[in-house]
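**Q** Those sequence lines, one after another, are chains A and B. In this text, residue positions in the first sequence follow my numbering: the first is 198, and each later residue adds one. In this text, residue positions in the second sequence follow my numbering: the first is 349, and each later residue adds one.
None of these hints come from the bench; they were simulated from the model. Hints should not be assumed to be uniformly reliable.
[To be verified] With the C-beta cut set under 7 angstroms, the calculated list includes, among others, these residues of chain A facing chain B: (1) I214; (2) D218; (3) M321; (4) G324; (5) V361; (6) K395; (7) L397; (8) T398; (9) D401; (10) P402; (11) I403; (12) I405; (13) E408; (14) V412; (15) A418; (16) A419.
Built from N, CA and C at the ideal position, the CB exists for glycine as well.
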Amino acid sequence: MKILVCISHVPDTTSKINFTDDNTKFDTNGVQFIINPNDEFGLTRSMWFKEKQGAHVTVVNVGGTETEPTLRKALAIGADAAIRVNTPAIDGFSVAKQLAKVVQDGGYDLIIAGRESLDYNGGMVPGMIAGLTNSNFVNNCISLEVDGNTAKVTREIDGGKETVSADLPLIIGGQKGIVEESDLRIPNMRGIMMARQKPLTVLDPINIAPETASVKFEKPAAKGAVKLVSPDNLDELISLLHNEAKVI
Amino acid sequence: MSVLVYIESEQGRFKKTALEVASYGKAIADQLGTTVTAITINAMETSELETYGVSKVLKVNNDSLDAFNAKIYASIIQQAAEKEGTKVVVVSSSVNSKYLAPLLSINLNAGYATNVLEAPVSTSPFIVKRTAFTNKAYEMFQINTDVKILGVSKNSFGIKENKTTASIEDFTPSIPESGIHIESVDKASNKVTIADADIVVSAGRGLKGPENWGMIEDLADVLGAATACSKPVSDLGWRPHSEHVGQTGKPVASNLYIAIGISGAIQHLAGINSSKVKVVINTDQEAPFFKAADYGVVGDAFVVVPQLIEKLKAFKAHQ
Ligand SMILES: Cc1cc2nc3c(=O)[nH]c(=O)nc-3n(C[C@H](O)[C@H](O)[C@H](O)COP(=O)(O)OP(=O)(O)OC[C@H]3O[C@@H](n4cnc5c(N)ncnc54)[C@H](O)[C@@H]3O)c2cc1C
Ligand SMILES: Nc1ncnc2c1ncn2[C@@H]1O[C@H](COP(=O)(O)O)[C@@H](O)[C@H]1O
Numbered sequence: 198m199k200i201l202v203c204i205s206h207v208p209d210t211t212s213k214i215n216f217t218d219d220n221t222k223f224d225t226n227g228v229q230f231i232i233n234p235n236d237e238f239g240l241t242r243s244m245w246f247k248e249k250q251g252a253h254v255t256v257v258n259v260g261g262t263e264t265e266p267t268l269r270k271a272l273a274i275g276a277d278a279a280i281r282v283n284t285p286a287i288d289g290f291s292v293a294k295q296l297a298k299v300v301q302d303g304g305y306d307l308i309i310a311g312r313e314s315l316d317y318n319g320g321m322v323p324g325m326i327a328g329l330t331n332s333n334f335v336n337n338c339i340s341l342e343v344d345g346n347t348a349k350v351t352r353e354i355d356g357g358k359e360t361v362s363a364d365l366p367l368i369i370g371g372q373k374g375i376v377e378e379s380d381l382r383i384p385n386m387r388g389i390m391m392a393r394q395k396p397l398t399v400l401d402p403i404n405i406a407p408e409t410a411s412v413k414f415e416k417p418a419a420k421g422a423v424k425l426v427s428p429d430n431l432d433e434l435i436s437l438l439h440n441e442a443k444v445i
Numbered sequence: 349m350s351v352l353v354y355i356e357s358e359q360g361r362f363k364k365t366a367l368e369v370a371s372y373g374k375a376i377a378d379q380l381g382t383t384v385t386a387i388t389i390n391a392m393e394t395s396e397l398e399t400y401g402v403s404k405v406l407k408v409n410n411d412s413l414d415a416f417n418a419k420i421y422a423s424i425i426q427q428a429a430e431k432e433g434t435k436v437v438v439v440s441s442s443v444n445s446k447y448l449a450p451l452l453s454i455n456l457n458a459g460y461a462t463n464v465l466e467a468p469v470s471t472s473p474f475i476v477k478r479t480a481f482t483n484k485a486y487e488m489f490q491i492n493t494d495v496k497i498l499g500v501s502k503n504s505f506g507i508k509e510n511k512t513t514a515s516i517e518d519f520t521p522s523i524p525e526s527g528i529h530i531e532s533v534d535k536a537s538n539k540v541t542i543a544d545a546d547i548v549v550s551a552g553r554g555l556k557g558p559e560n561w562g563m564i565e566d567l568a569d570v571l572g573a574a575t576a577c578s579k580p581v582s583d584l585g586w587r588p589h590s591e592h593v594g595q596t597g598k599p600v601a602s603n604l605y606i607a608i609g610i611s612g613a614i615q616h617l618a619g620i621n622s623s624k625v626k627v628v629i630n631t632d633q634e635a636p637f638f639k640a641a642d643y644g645v646v647g648d649a650f651v652v653v654p655q656l657i658e659k660l661k662a663f664k665a666h667q
């Protein structure tokens, strides 16, 4: 089985979010970048397929050279090969188009992406790849097994979960649950050394006209101070929620 | 030319977010000088849509569509959009809408914006305001394609009344092969879900153990709320994973979020801060949640919550 794990390179959640160039660009100054958490769950699951079912795992990112440390980290965790499509990630559609090309050229059986990236929270790339390559697609995946040419996938639904089966090639939008947090792997010294020897292929992008554009960012207005209510005066809390906030 | 709104239903009844989608569609239709067409799939009664500005309903009824399937539903909405010559399709931010919309976007060659907060800032160029960076920023987002898809954030635009009369048309789209077979569904019935709830009552490690959740459920019952929890609580197995909210759990965009014994770590707040009004109950006045909350009670949950339940019962009885 050939697996492709799509890795988005995102600022750590605790990063300060600031913008430059008259609020048109994300300020990466001092920001620590990580493997998008939803992708890390999927990458970890792919290690299970590698170790138990002999799968070959490639990780891919669409981005500039600055994302290579993130790809190297994925290699250190255990992926066999990495691909970087050498173009900035402009919008969900153009990223999906680049990735669909990689999927088609590589003949992958299973494509693991995340339900959304932490940065722009688009939540559109995996579904778009599925649409572009006409593959089966399951989003919000919280469990994934493959037997021969068929996958069994559980997805989170409103108020519960649903288990489906689908033939490969299959694309999933993964999230926590696909593996548990305690299963996540920190690269060890051996992994980091081995990662240096593994292939990281840089591909030229295809030409794509983006469908959307980011015009400007704004930061939310500073929030007013919390109104404290004494624990001995809970009637006041109820009154505030009813009369002032109008939520009960 | 009309704006097409996808009206989600569950067992034949509209979801509340669907009415927000209709209201939002009406606002865009007014901006563009056109009307709103709704597409419903296996909804029973559609007249309620006339309260929210819908002028035409394309009604699809087909037993094979009882279970949601993203590819099939996306194809149906595509066929409706093409038939209507639609330039703007509006969907919600539900799990199912977010599942089908990227497929629809490819089908229609339509640029897609998620987490949209308000009616478009301008329609030429077409610019909407959305959230990004887990609600830590707003993004002005331009869509350049002829057809556009907007996913509206829950509880942001709101449900707005606009009386109309609607024509109803039975619509029989062709149904593609799905490729996906449902094996089993495991779903708590008659419980308010976090996604649908107006109010969410959430508790954290401050509650000490799973045996103390009775009062959390009671509080949720009085308020008609869904229950949720912080990540350690579900990791410890005190509560089911489906209740875990935050960056790595479910997003919450309720009107009211009550956090009890939750410290307010940034990863927790990342998932809940699009809720409108936040209340914190915590013994530690220094807990970071007090910086994110609108109202706070510094106090012991085991004392405050039972009292709050009694007082809310009395309040509700007088309503
Ligand atoms: C990558 C990553 C992702 C994460 N994702 C999430 C996520 O999605 N969701 C999430 O919730 N967390 C997430 N976390 C964990 C997060 O950082 C916090 O550890 C977690 O939210 C803390 O949970 P808590 O508030 O229940 O527990 P604690 O931090 O232990 O807080 C308990 C609180 O209860 C209060 N308390 C104690 N006794 C009482 C009492 N009797 N009455 C009232 N209050 C009391 C204490 O003062 C304290 O503030 C993530 C962490 C990482 C690193
Ligand atoms: N630039 C990128 N390179 C590779 N994969 C990506 C990229 N952007 C997004 N993805 C994948 O698509 C998922 C959803 O991203 P998004 O649609 O941006 O929210 C991520 O979790 C990744 O798996």
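**Q** Now look at each hint and say whether the structure bears it out.
**A** How the hints compare with the structure:
Because the smallest distance between the Cβ of I214(A) and any Cβ of chain B comes to about 4 angstroms, under 7 angstroms, the interface hint for this residue holds. With 7 angstroms as the threshold, the beta carbon of D218(A) stays out of range of chain B, its nearest partner Cβ sitting at about 14 angstroms, so the hint is violated. For M321(A), the interface hint holds, the least distance from its beta-carbon to any beta-carbon of chain B being 4 angstroms, beneath 7 angstroms. Below 7 angstroms, beta-carbon pairs count as interface contacts, and G324(A) has one with chain B at about 3 angstroms; its hint therefore holds.
Annotation: V361(A) was flagged as interfacial toward chain B, and the flag holds, the nearest CB pair being 5 angstroms apart, inside 7 angstroms. A least Cβ separation of about 28 angstroms between K395(A) and chain B goes past the 7 angstroms threshold, and the interface hint is therefore violated. Evaluation of the L397(A) hint against chain B yields a violated restraint, the C-beta minimum of about 28 angstroms exceeding 7 angstroms. With 7 angstroms as the threshold, the beta carbon of T398(A) stays out of range of chain B, its nearest partner Cβ sitting at about 26 angstroms, so the hint is violated.
Using the Cβ-Cβ criterion of 7 angstroms, the hint placing D401(A) at the interface with chain B is not satisfied: the shortest such distance is roughly 23 angstroms. Interface hint status for P402(A): violated, as the beta-carbon distance to the closest one in chain B is roughly 19 angstroms, over 7 angstroms. Nearest Cβ of chain B to the Cβ of I403(A): about 16 angstroms, over the 7 angstroms cut. The hint is violated. Below 7 angstroms, beta-carbon pairs count as interface contacts, and I405(A) has none with chain B, the closest being about 13 angstroms; its hint is therefore violated.
Taking 7 angstroms as the C-beta cut-off, the interface hint given for E408(A) holds, the closest approach to chain B being about 4 angstroms. Because the smallest distance between the Cβ of V412(A) and any Cβ of chain B comes to about 4 angstroms, under 7 angstroms, the interface hint for this residue holds. Because the beta carbon of A418(A) sits about 10 angstroms from the nearest beta carbon in chain B, more than 7 angstroms, this interface hint is broken. This hint is violated: A419(A) has a C-beta 11 angstroms from the nearest C-beta of chain B, more than the 7 angstroms allowed.
In this structure, the earlier hints numbered 2, 6, 7, 8, 9, 10, 11, 12, 15, 16 are contradicted, and the remaining ones agree with it.
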